[in-house]
Amino acid sequence: MLKKINLSAVITVIVLIFLYLPIMAVVGLSFNTSSNSLIWKGFGFDWYKNIWSNEPIMSSFQRTIFVALVTTFFSLLIGTTISIGLNKMKAGGFLRTFSTAPAIVPDLVLAIGLLTTFSTISMSLNLSTVIISHTVFCTAFVVAIVLARIGLMDPSIEEASTDLGAGALKTLFKVTIPQLMPALIAGAVLSFTLSMDEFVIAFFTNGPETPTLPMVIYSMIRFGVTPEINVLGTLLLVISFVGVIFAQRIGKVADSI
Amino acid sequence: MSQDLLKIRNLTKKFGSITALNNVSLEIKNNEMFALLGPSGCGKTTLLRIIAGFEYPDSGQVLMNDSDLLSIPTRTRPVNLMFQSYALFPHMDVFSNISYGLTNTSLTKEEIKNQTNEIIEKIGLGEHVKKKPNQLSGGQQQRVALARAIARKPKILLLDEPLSALDKKIRQEMQIELKRIQHDFGITFIIVTHDQDEAISLANRIAVFDKGEIKQISTPQELYENPTNEFVADFIGEGNILKATSTSSGFEHPGLGTVNFSHSIGAGKPVTVLIRPESINLTPASNGAGQITDAVFAGSKKNITVKLTTNEIVRVYADKSANLEVGSHVNLLFNPQDVRVF
Ligand SMILES: Nc1ncnc2c1ncn2[C@@H]1O[C@H](COP(=O)(O)OP(=O)(O)OP(=O)(O)O)[C@@H](O)[C@H]1O
Ligand SMILES: [Mg+2]
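These protein sequences, in sequence, are chains A and B. The opening position of the first sequence corresponds to residue 1 in my numbering, with each subsequent residue numbered one higher. The opening position of the second sequence corresponds to residue 258 in my numbering, with each subsequent residue numbered one higher.
Simulated from the structure, these hints should not be mistaken for lab results. Owing to the predicted nature of the structure, the values given are computational and were not obtained by experimental measurement. Do not rely on the hints blindly, as some may be mistaken.
Okay, derived cross-link-like pairs now, DSBU-like style, lysine-lysine, Cα gap no bigger than 30 Å in a straight line [unchecked claim]:
hint : chain 1 : residue 1 : chain 2 : residue 2
1    : A       : K174      : B       : K370
2    : A       : K174      : B       : K410
3    : A       : K90       : B       : K387
4    : A       : K170      : A       : K90
5    : B       : K577      : A       : K174
6    : B       : K412      : B       : K468
7    : A       : K88       : B       : K436
8    : B       : K389      : A       : K252
9    : A       : K88       : B       : K500
10   : B       : K410      : B       : K286
11   : B       : K379      : B       : K286
12   : B       : K366      : A       : K170
13   : A       : K88       : A       : K170
14   : A       : K252      : B       : K388
15   : B       : K286      : B       : K271
16   : B       : K388      : A       : K170
17   : B       : K387      : A       : K252
18   : B       : K379      : A       : K174
19   : A       : K174      : B       : K412
20   : A       : K170      : B       : K558
21   : B       : K271      : A       : K88
22   : A       : K170      : B       : K425
23   : B       : K468      : A       : K170
24   : B       : K387      : A       : K174
25   : B       : K468      : A       : K90
26   : B       : K410      : B       : K389
27   : B       : K558      : B       : K526
28   : A       : K170      : B       : K286
29   : B       : K389      : A       : K174
30   : A       : K170      : B       : K410
31   : B       : K425      : B       : K271
32   : A       : K170      : B       : K412
33   : B       : K500      : B       : K425
34   : B       : K559      : B       : K526
35   : B       : K389      : B       : K370
36   : B       : K388      : A       : K174
Computed, partial: chain A to chain B, Cβ under 7 Å [what the hints assert, rightly or not]:
hint : residue
37   : A103
38   : D107
39   : V109
40   : G113
We put the CB at the ideal spot given by N, CA and C, even for glycine.
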C-alpha cells in the first residue's frame with residue numbers, strides 16, 4: 001500500500017532544515033577545539049576561553065553593548081513620547097505611517113542618508129553617530145509597537161485619573177505608562193537586539209577607531225570563517241534568545257496585571 | 258443662596274455640524290436623584306462631560322451654588338464622574354482604585370487608608386480589596402467604579418448609564434443599592450439613562466431629552482400622567498397616540514367619534530391624543546368602533562389589540578377574566594379626564 005505523502009509537510013520540513021541547519025552548524029562548530037573551524041577535532045570550550053583575551057573582539061563587544069543600551073534608552077523615550085502624542089492628536093494614517101517608516105526604509109538608503117547628514121553638518125563619525133543612527137530606526141519600531149497598544153486603551157481611563165484629581169504627570173506615570181508596560185518591554189528588547197547585530201548602518205556611520213562587533217566580525221571573515229566567529233555568533237544568538245524569552249515572560253506578567 | 262445646587266443655563270454644544278446640546282437649561286436641587294433620560298445620541302453624555310469638565314460648551318453657563326463651575330479646572334471640580342465603561346485602572350487592585358482620588362488630596366496616608374476602608378465597608382466590597390478589576394464580576398466592577406467616584410465626596414456624582422452593562426436581575430438589585438448609597442452619603446446624583454423604567458424607579462425628577470433639547474422636566478408621575486408633548490407621551494410608558502381634530506368642546510376622531518373635553522387649543526386644529534392602555538374599557542358591540550385582532554394573556558391582565566375602523570391600532574389592558582375574543586367587535590370607553598391632548 002502506498003502511503004500518501006503530504007507535500008506541504010515535506011516542504012515545511014525542508015524549509016525548516018534550511019533555516020536552522022546553518023545556525024546549528026555555527027553553534028556546533030563553536031565548540032570545535034580545532035583552529036580550522038571546518039575540521040572537527042574535538043569538543044571543548046577552548047575558543048570561548050580564548051576570546052576573553054582577544055582585545056579587539058572584547059572591546060568591540062563592549063562598544064556594541066554600550067551602543068545597544070543607549071539606543072534602547074533613547075528609542076524608548078522618543079518612541080513612547082511620539083506614540084502618546086500621535087494618540088492624543090488623534091493623528092491620521094499619514095502621520096502614523098510617517099513615524100514608523102524608518103523601520104521599513106532599506107538599511108542602505110537610511111545609512112547613506114544619515115552619512116550625508118552627518119557630513120553636511122560636519123559631525124565627526126564615532127559611536128555617538130552610530131547611536132543617533134540606530135535610534136532613528138529603533139524609534140520607528142518602538143512607535144509601531146506602542147501605538148498598537150495605545151489604540152487598545154480605553155481613553156476614559158486617563159480621563160478618570162484627571163477626574164479624580166491627578167495632574168498630567170501623575171496620570172502619565174501612574175496610569176498611562178503602567179498600561180503600556182508590555183509594549184515598552186517588547187520595544188526595548190527589540191531595540192536592543194536590532195542595534196546589537198546591526199551592520200550596514202554602523203558600517204556607514206561609524207568612525208574607524210571604534211568598530212562595533214558586527215564590523216569586527218566582518219573584517220575577520222575576509223580571512224575565512226575562524227572559530228572565534230562561531231563563538232561570537234553563538235553568543236549573539238544566546239543574548240537575543242534570552243532577551244526575547246525575558247520579554248515574553250515579563251509581557252505575560254504585565255498583561256495579567 | 259438658592260436651594261438649587263446646580264444651574265444650567267442656555268447650554269449649547271456643537272460637534273461640527275452636529276448639535277449635541279441645544280439651549281439646554283435646568284436646575285438641580287441639593288440631594289436630588291436627577292435623571293437625564295433620552296434615546297441614544299441625544300446628548301446626555303455630552304451634558305455630563307461638560308459638568309465634569311471634559312468638554313466645554315459653545316455657549317451657556319453652569320453654576321454651582323451660584324458661582325461659575327466652568328472656570329474651575331477639571332481635576333479640582335467638586336464633581337466626579339462614573340464612566341459608562343467604568344474605566345477602572347486595570348493594573349491596580351480594588352483598594353488602590355478606590356483610594357486613588359484621595360491620594361490626590363492633602364490627606365495623610367493613615368487618613369486615606371481609613372476613609373477608603375470606610376467606603377469599601379459601606380459599598381460592600383470587603384472581600385475583594387486585593388483583587389484586580391479583571392478578577393471581578395460586572396456587578397462588582399460597577400461597585401468599585403461607584404466607590405472610586407464617591408471617595409472624594411463630590412458635591413455631585415455624575416453617573417453615565419451606570420447599570421446598562423449589567424443583566425436584568427443585578428440591575429434591579431443595583432437600583433435599590435444606588436438609592437441606598439445616595440441616601441447614605443447624602444450626595445446629589447445625576448444619572449444618565451436611556452431606560453425609562455430605570456429613570457422612573459430611581460429618580461426624584463427626570464429631564465427627558467430628544468435631539469439635544471429638553472422636552473420636559475418633571476417627577477416620574479407627572480411625566481406619566483401629564484406629558485406636555487407627543488415625544489414624552491410616547492417615550493414614557495405605554496400609550497396610544499391618535500391623530501384627531503380639535504373641536505370647541507373636545508376633539509373629533511374619525512374612528513372614536515366626538516369626545517368632550519375641555520382644552521384651550523381652539524377648534525378645527527390637528528391634535529395628538531394620548532390614551533393609556535389601562536384607561537380604556539372594552540364592551541362587546543356588534544357595530545363597535547373596533548375589532549379585536551389579538552388577545553395575549555400576560556399574568557395579571559390581558560393585552561388586547563384593537564384595530565379601529567381607521568386602521569389605527571389601540572392597545573388595551575383588560576381584566577384577565579374578560580370575555581374578549583379575537584375577531585369580536587367592541588366599543589372603546591374611557592373617561593375624558595384620562596385623555597391628554599397636545
Ligand atoms: N467628541 C465628539 N466628536 C464628535 N461628535 C460627538 C462627540 N461626542 C459626541 N458627539 C455627537 O454628539 C451627539 C450626542 O452624543 P452623546 O454621546 O452626548 O449622546 P448620548 O445621549 O450619551 O448617547 P448614548 O445613549 O448612545 O450614550 C451624537 O450625535 C454624537 O455622535
Ligand atoms: Mg452616552
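Tested hints:
1. A/K174 <-> B/K370: Holds, at about 19 Å.
2. A/K174 <-> B/K410: holds, 22 Å
3. A/K90 <-> B/K387: violated, 35 Å
4. A/K170 <-> A/K90: Holds. A/K170 to A/K90 sits at ~22 Å (cutoff 30 Å).
5. B/K577 <-> A/K174: violated, 61 Å
6. B/K412 <-> B/K468: holds, 28 Å
7. A/K88 <-> B/K436: The hint is violated at about 37 Å.
8. B/K389 <-> A/K252: holds, 15 Å
9. A/K88 <-> B/K500: violated, 51 Å
10. B/K410 <-> B/K286: At roughly 17 Å apart (the allowed maximum being 30 Å), B/K286 and B/K410 satisfy the hint.
11. B/K379 <-> B/K286: Holds, at roughly 25 Å.
12. B/K366 <-> A/K170: holds, 17 Å
13. A/K88 <-> A/K170: holds, 17 Å
14. A/K252 <-> B/K388: holds, 18 Å
15. B/K286 <-> B/K271: holds, 27 Å
16. B/K388 <-> A/K170: Holds - the C-alpha atoms of A/K170 and B/K388 are around 23 Å apart, at most 30 Å.
17. B/K387 <-> A/K252: holds, 20 Å
18. B/K379 <-> A/K174: It holds: about 27 Å lies between the C-alpha atoms, which stays within 30 Å.
19. A/K174 <-> B/K412: holds, 26 Å
20. A/K170 <-> B/K558: Not satisfied, since the Cα-Cα distance of roughly 59 Å exceeds 30 Å.
21. B/K271 <-> A/K88: With a Cα-Cα distance of about 21 Å, the restraint between B/K271 and A/K88 holds, given a limit of 30 Å.
22. A/K170 <-> B/K425: Not satisfied, since the Cα-Cα distance of roughly 38 Å exceeds 30 Å.
23. B/K468 <-> A/K170: violated, 38 Å
24. B/K387 <-> A/K174: Satisfied, since the Cα-Cα distance of roughly 18 Å is no more than 30 Å.
25. B/K468 <-> A/K90: holds, 27 Å
26. B/K410 <-> B/K389: Roughly 23 Å between the alpha carbons, so the hint for B/K410 and B/K389 holds.
27. B/K558 <-> B/K526: violated, 36 Å
28. A/K170 <-> B/K286: violated, 34 Å
29. B/K389 <-> A/K174: With Cα atoms ~15 Å apart, B/K389 and A/K174 stay inside 30 Å; holds.
30. A/K170 <-> B/K410: Within the cut-off at roughly 21 Å; holds.
31. B/K425 <-> B/K271: violated, 35 Å
32. A/K170 <-> B/K412: holds, 24 Å
33. B/K500 <-> B/K425: Since the Cα atoms of B/K500 and B/K425 sit roughly 35 Å apart, the hinted pair is violated (cutoff 30 Å).
34. B/K559 <-> B/K526: Measuring from Cα to Cα gives roughly 35 Å; hence the hint is violated.
35. B/K389 <-> B/K370: holds, 18 Å
36. B/K388 <-> A/K174: Status holds; Cα separation ~18 Å.
37. A103: Because about 28 Å separates A/A103 from the closest Cβ in chain B, which is outside the 7 Å limit, the hint is violated.
38. D107: violated, 37 Å
39. V109: Violated, because the Cβ-Cβ distance from A/V109 to chain B comes to roughly 40 Å (cut-off 7 Å).
40. G113: This interface hint is violated because 40 Å lies over the 7 Å limit.
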